[in-house]
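J.: So you can see what is in the structure, the chains are spelled out below.
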Amino acid sequence: MATAISTAPDLAWTKKISSPQELASFRQAILASLDPNAPRIRVCCGTGCKAVGSLDVLEAMKTAVAAAGVDVHVMPEVKRTGCHGFCSRGPLLTLEPQGLFYQRVKSEDTAEIVQKTIIGGEVIPRFLYKPPGSKEAIAKVSDIPFFAKQTKLVLKRVGRIDPFDIRDAIAAGAYEGIAKVLAEMTPQQVIEEIKVSRLRGRGGAGFPTGVKWESCAGQAGRHYVICNGDEGDPGAFMDASVMEGDPHAVLEGMAIAAYAMGSDRGFLYVRMEYPLAVQTLTAAIRQAEDLGLLGQNILGTDFSFRVSVSTGAGAFVCGESSALMSSLEGKVGRPRAKYIRSTEKGFRDSPSNLNNVETYANVPEIILRGGQWYTTYGTERSTGTKVFSLTGNVHNVGLVEVPMGTSLKDIVFGIGGGVPNKKELKAVQTGGPSGGCIPIPSKFIDINVGFGKLAEIGSMMGSGGMIVMDENTCMVEISRYFINFLVEESCGQCTPCREGLTRMREILSRITQGEGREGDIELLEEIGQFTNNFSLCGLGTSAANPVLSTIRYFRDEYEAHIRDKKCPAGVCKPLYYYEIDSEKCTGCGVCRKRCPAAAIEGEKKKPHTIHQELCIKCMECYRNCKFDSIRIM
Amino acid sequence: MKIIMDGKEVAAERGQTIVEVARRNGVYIPTLCHVPALEPAAMCRVCTVELVEGRRTRLVTSCNYPLRGDAEIRTDTPMLRQNRKVLIELLASRCPDAEALKELAERYGADLNRFPAEDRQCIMCGLCARVCERVGGNVLALCGRGVEIRVDTSFGRLSPTCIGCASCVQICPVNAIRIEDMDGERRVIVRGKEASRVQLRKCTSCGIHFGPVIDLGPVLDRAGEGGVPAFNASVCPACSRRSLARRLAERHFEQHAVESPDADEEG
Ligand SMILES: Cc1cc2nc3c(=O)[nH]c(=O)nc-3n(C[C@H](O)[C@H](O)[C@H](O)COP(=O)(O)O)c2cc1C
Ligand code: SF4
Ligand code: FES
Numbered sequence: 001m002a003t004a005i006s007t008a009p010d011l012a013w014t015k016k017i018s019s020p021q022e023l024a025s026f027r028q029a030i031l032a033s034l035d036p037n038a039p040r041i042r043v044c045c046g047t048g049c050k051a052v053g054s055l056d057v058l059e060a061m062k063t064a065v066a067a068a069g070v071d072v073h074v075m076p077e078v079k080r081t082g083c084h085g086f087c088s089r090g091p092l093l094t095l096e097p098q099g100l101f102y103q104r105v106k107s108e109d110t111a112e113i114v115q116k117t118i119i120g121g122e123v124i125p126r127f128l129y130k131p132p133g134s135k136e137a138i139a140k141v142s143d144i145p146f147f148a149k150q151t152k153l154v155l156k157r158v159g160r161i162d163p164f165d166i167r168d169a170i171a172a173g174a175y176e177g178i179a180k181v182l183a184e185m186t187p188q189q190v191i192e193e194i195k196v197s198r199l200r201g202r203g204g205a206g207f208p209t210g211v212k213w214e215s216c217a218g219q220a221g222r223h224y225v226i227c228n229g230d231e232g233d234p235g236a237f238m239d240a241s242v243m244e245g246d247p248h249a250v251l252e253g254m255a256i257a258a259y260a261m262g263s264d265r266g267f268l269y270v271r272m273e274y275p276l277a278v279q280t281l282t283a284a285i286r287q288a289e290d291l292g293l294l295g296q297n298i299l300g301t302d303f304s305f306r307v308s309v310s311t312g313a314g315a316f317v318c319g320e321s322s323a324l325m326s327s328l329e330g331k332v333g334r335p336r337a338k339y340i341r342s343t344e345k346g347f348r349d350s351p352s353n354l355n356n357v358e359t360y361a362n363v364p365e366i367i368l369r370g371g372q373w374y375t376t377y378g379t380e381r382s383t384g385t386k387v388f389s390l391t392g393n394v395h396n397v398g399l400v401e402v403p404m405g406t407s408l409k410d411i412v413f414g415i416g417g418g419v420p421n422k423k424e425l426k427a428v429q430t431g432g433p434s435g436g437c438i439p440i441p442s443k444f445i446d447i448n449v450g451f452g453k454l455a456e457i458g459s460m461m462g463s464g465g466m467i468v469m470d471e472n473t474c475m476v477e478i479s480r481y482f483i484n485f486l487v488e489e490s491c492g493q494c495t496p497c498r499e500g501l502t503r504m505r506e507i508l509s510r511i512t513q514g515e516g517r518e519g520d521i522e523l524l525e526e527i528g529q530f531t532n533n534f535s536l537c538g539l540g541t542s543a544a545n546p547v548l549s550t551i552r553y554f555r556d557e558y559e560a561h562i563r564d565k566k567c568p569a570g571v572c573k574p575l576y577y578y579e580i581d582s583e584k585c586t587g588c589g590v591c592r593k594r595c596p597a598a599a600i601e602g603e604k605k606k607p608h609t610i611h612q613e614l615c616i617k618c619m620e621c622y623r624n625c626k627f628d629s630i631r632i633m
Numbered sequence: 001m002k003i004i005m006d007g008k009e010v011a012a013e014r015g016q017t018i019v020e021v022a023r024r025n026g027v028y029i030p031t032l033c034h035v036p037a038l039e040p041a042a043m044c045r046v047c048t049v050e051l052v053e054g055r056r057t058r059l060v061t062s063c064n065y066p067l068r069g070d071a072e073i074r075t076d077t078p079m080l081r082q083n084r085k086v087l088i089e090l091l092a093s094r095c096p097d098a099e100a101l102k103e104l105a106e107r108y109g110a111d112l113n114r115f116p117a118e119d120r121q122c123i124m125c126g127l128c129a130r131v132c133e134r135v136g137g138n139v140l141a142l143c144g145r146g147v148e149i150r151v152d153t154s155f156g157r158l159s160p161t162c163i164g165c166a167s168c169v170q171i172c173p174v175n176a177i178r179i180e181d182m183d184g185e186r187r188v189i190v191r192g193k194e195a196s197r198v199q200l201r202k203c204t205s206c207g208i209h210f211g212p213v214i215d216l217g218p219v220l221d222r223a224g225e226g227g228v229p230a231f232n233a234s235v236c237p238a239c240s241r242r243s244l245a246r247r248l249a250e251r252h253f254e255q256h257a258v259e260s261p262d263a264d265e266e267g
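Protein sequence lines correspond, in order, to chains A and B.
With our numbering, the residue at position 9 of the first sequence is 9, and numbering never jumps.
With our numbering, the residue at position 123 of the second sequence is 123, and numbering never jumps.
Rather than coming from a laboratory, the hints here were simulated on the basis of the structure.
We put the CB at the ideal spot given by N, CA and C, even for glycine.
There may be inaccurate statements among the hints.
[Unchecked claim] Here are the computed distance ranges between Cβ atoms for each label pair: (1) A:F207 x B:P237: 37 to 45 Å; (2) B:G69 x A:Q513: 48 to 56 Å; (3) A:D264 x B:I4: 43 to 51 Å; (4) A:K422 x B:N113: 50 to 58 Å; (5) A:K338 x B:E99: 29 to 37 Å; (6) B:P78 x A:S509: 26 to 34 Å.
Produce the complete structure using the sequences and hints provided.
T.: Here's what the structure looks like:
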């Protein structure tokens with residue numbers, strides 16, 4: 001996949017960079033050979049854009065450029081699904097140096113774009129983006145609210161550099177952090193800087209990174225620096241996009257950590273489902289070693305750090321710290337019950353520091369600009385930025401990086417563009433499968449998203465999943481969905497998680513099937529509290545959150561399912577039916593034509609009716625009625 | 001090191017687990033997956049207790065929590081009792097007839113029939129797998145995951161490494177494992193499924209089959225017991241007792257024969 005669109009550079013001309021100071025001149029040389037105003041065309045090659053033919057556009061564009069004889073670098077932009085939040089408008093192009101953003105480009109259009117825009121400098125209106133509900137077309141990437149309202153510290157180079165060419169990364173500032181550390185800082189100073197930044201782990205628990213490093217550094221024995229790239233949350237791809245789009249940020253962060261803790265060996269644990277990340281990281285390590293930025297005697301100093309990529313079997317629970325270390329050791333990836341920190345006794349019983357991809361990616365910039373600078377982003381207790389994966393019923397889906405403390409409203413409406421199809425916003429789920437659902441409308445729309453705030457209201461930051469849910473979302477079904485995921489992913493060794501979650505899934509299934517019983521809600525709460533209290537690892541102790549938080553905020557919806565045998569959101573099939581409001585129905589016939597079961601009858605211009613015994617509840621009529629006359633009963 | 005357990009100061013040594021300290025001081029804490037001789041795995045969770053840390057309390061499993069400094073522990077609060085009750089009720093569904101659970105059910109007021117029974121005949125304490133790894137042939141292990149987790153041999157095949165020691169049978173708290181000695185072979189049967197077959201030794205004297213044909217030396221070394229020569233004998237324990245008795249009798253007779261004149265005199 002990646003090799004088809006990658007341009008692996010020929011590094012034969014390189015030799016090792018022999019000192020931290022020499023990195024700067026090396027970078028100058030690369031920059032000098034690049035004209036910042038040289039035209040570049042980036043073709044988005046994320047999954048969404050590829051599905052609508054962006055690879056063809058890429059090739060067509062290369063041909064068009066060659067045919068016109070202009071000197072333009074046409075490059076693929078490798079990002080993840082939904083990266084721009086404009087997948088439905090692909091294939092997408094960005095044109096530098098103007099910063100133009102073109103959408104829905106076809107292969108046939110490439111010659112025209114080269115002639116008019118590249119050579120003629122003219123903007124072609126039909127490719128421009130119009131935000132929903134707006135008549136104004138936006139020409140520049142930087143003016144599109146989705147991008148303009150983000151603050152990119154972690155994702156700053158993602159999509160802007162060729163991840164397979166280290167020169168691109170160096171030109172954009174990669175490895176300046178490690179150079180600074182080696183030239184002028186002691187390990188203690190590095191740790192101090194991270195502590196000043198108050199950076200907290202981005203893998204879920206939010207543990208202070210500087211404190212973790214300090215406790216690991218203080219241990220005797222060989223130290224290991226490990227990166228958690230397991231990213232098992234369904235729908236999450238923030239770590240993937242960093243590893244794939246800017247692998248050097250993670251590697252540099254790990255090297256700095258290794259220096260701070262006196263480690264010479266690191267591992268990147270990447271899930272097997274991320275073959276592209278494995279390729280970019282492997283290529284990045286090789287190139288960095290060739291240049292003396294990793295491996296033996298980094299930048300000519302006596303600091304050495306060898307790092308390699310390991311692939312995990314792709315189980316969600318392997319992301320848990322002790323399970324990850326077992327898996328790295330070649331054992332079954334099952335959490336271990338040990339009351340000893342891995343910073344003391346982790347991988348191979350040696351002091352090991354485990355951090356998340358995004359955590360490491362924050363490090364180089366903190367070192368370069370100082371911990372104090374970092375705290376200017378975010379809030380008192382949650383500093384810096386966080387990458388969220390915004391999905392669900394929202395206009396712009398994709399990765400969103402904002403300062404900690406940004407309000408939910410700014411994320412969902414400001415950046416996400418709000419809920420499509422004139423639906424009401426019902427809830428925002430944060431924190432991944434074991435997070436919680438925040439009810440909206442409520443005062444919570446204004447909460448400042450940070451570690452503490454989310455926990456306070458029964459949800460969590462987790463790794464940064466954020467699912468927007470509209471009025472047609474059934475909260476009972478949502479909690480059944482998440483519990484089902486966690487039952488499938490549980491390692492099964494401890495009683496609460498294995499037995500408790502299974503029983504909860506059973507109860508939730510029967511409620512959604514209309515067989516809920518009086519007392520089921522209390523039973524769910526009782527088991528949920530037990531699994532949260534007694535489970536062995538973080539999977540079990542947080543697994544009941546989706547259930548407990550939806551009961552807390554949407555108890556009436558559970559009651560409607562159990563007592564009235566009704567699913568108010570119109571999701572649980574046995575618990576609702578559609579009815580046509582004869583007052584509103586104009587008899588336009590759209591529903592009748594669309595119904596795949598021929599269940600709708602009616603004369604033209606007269607109110608229609610639904611034959612309940614034929615209806616298969618596919619939602620087709622409900623979705624397509626322009627007069628809002630189909631009701632969920 | 002000052003350890004307060006349920007309000008009383010108790011005797012403890014640094015590094016001892018909470019369960020060890022409790023046992024030593026006569027404080028009851030339930031356990032289902034723990035025996036002192038094996039490394040704790042803390043899987044059943046029934047031994048969870050409250051560890052008071054300043055104003056916060058933390059839940060820890062007492063079978064594997066090592067006490068390293070002053071600590072206050074509560075072993076039997078209403079919250080713990082409630083959670084233990086749910087735990088037993090949930091476990092009972094997979095092992096409805098287990099005596100070990102009946103006892104605990106009585107203590108914590110658990111309803112063993114609260115959840116529908118799914119006769120899996122195993123409470124997943126993992127003891128058999130751990131003892132097998134330590135003193136047996138490393139045959140049994142926890143296989144699969146989630147609800148499907150079970151004790152099995154690798155790939156579910158008859159194991160070639162079983163030494164027929166029957167440690168698993170001895171340790172299983174719910175009698176889910178048994179051995180059958182038949183036709184010169186020992187079968188280890190885990191929840192009705194044959195896990196391994198080991199040839200039995202034929203007594204050169206009386207011809208019956210006894211202990212498995214296996215050199216137990218290395219295993220016993222691993223267990224730190226040293227080799228026990230009796231295991232490599234070619235005669236069964238009954239015959240070897242019989243021959244020992246015969247030898248003793250013969251020796252006695254020889255001594256007797258020498259000493260008989262005096263005896264006669266005394267008589
Ligand atoms: C079930 C489970 C799954 C986890 N999955 C991940 C993961 O995919 N990636 C990750 O970075 N951390 C994951 N974590 C958190 C890790 O255990 C660990 O806290 C984290 O990697 C530490 O890094 P940080 O301090 O940088 O956050 C998971 C934890 C649990 C309990
Ligand atoms: S909580 Fe779940 S995933 Fe964690 S150890 Fe227990 S069974 Fe395994
Ligand atoms: S006895 Fe401690 S967890 Fe089972």
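J.: Checking each numbered hint in turn, tell me which of them this model violates, lowest number first.
T.: 1
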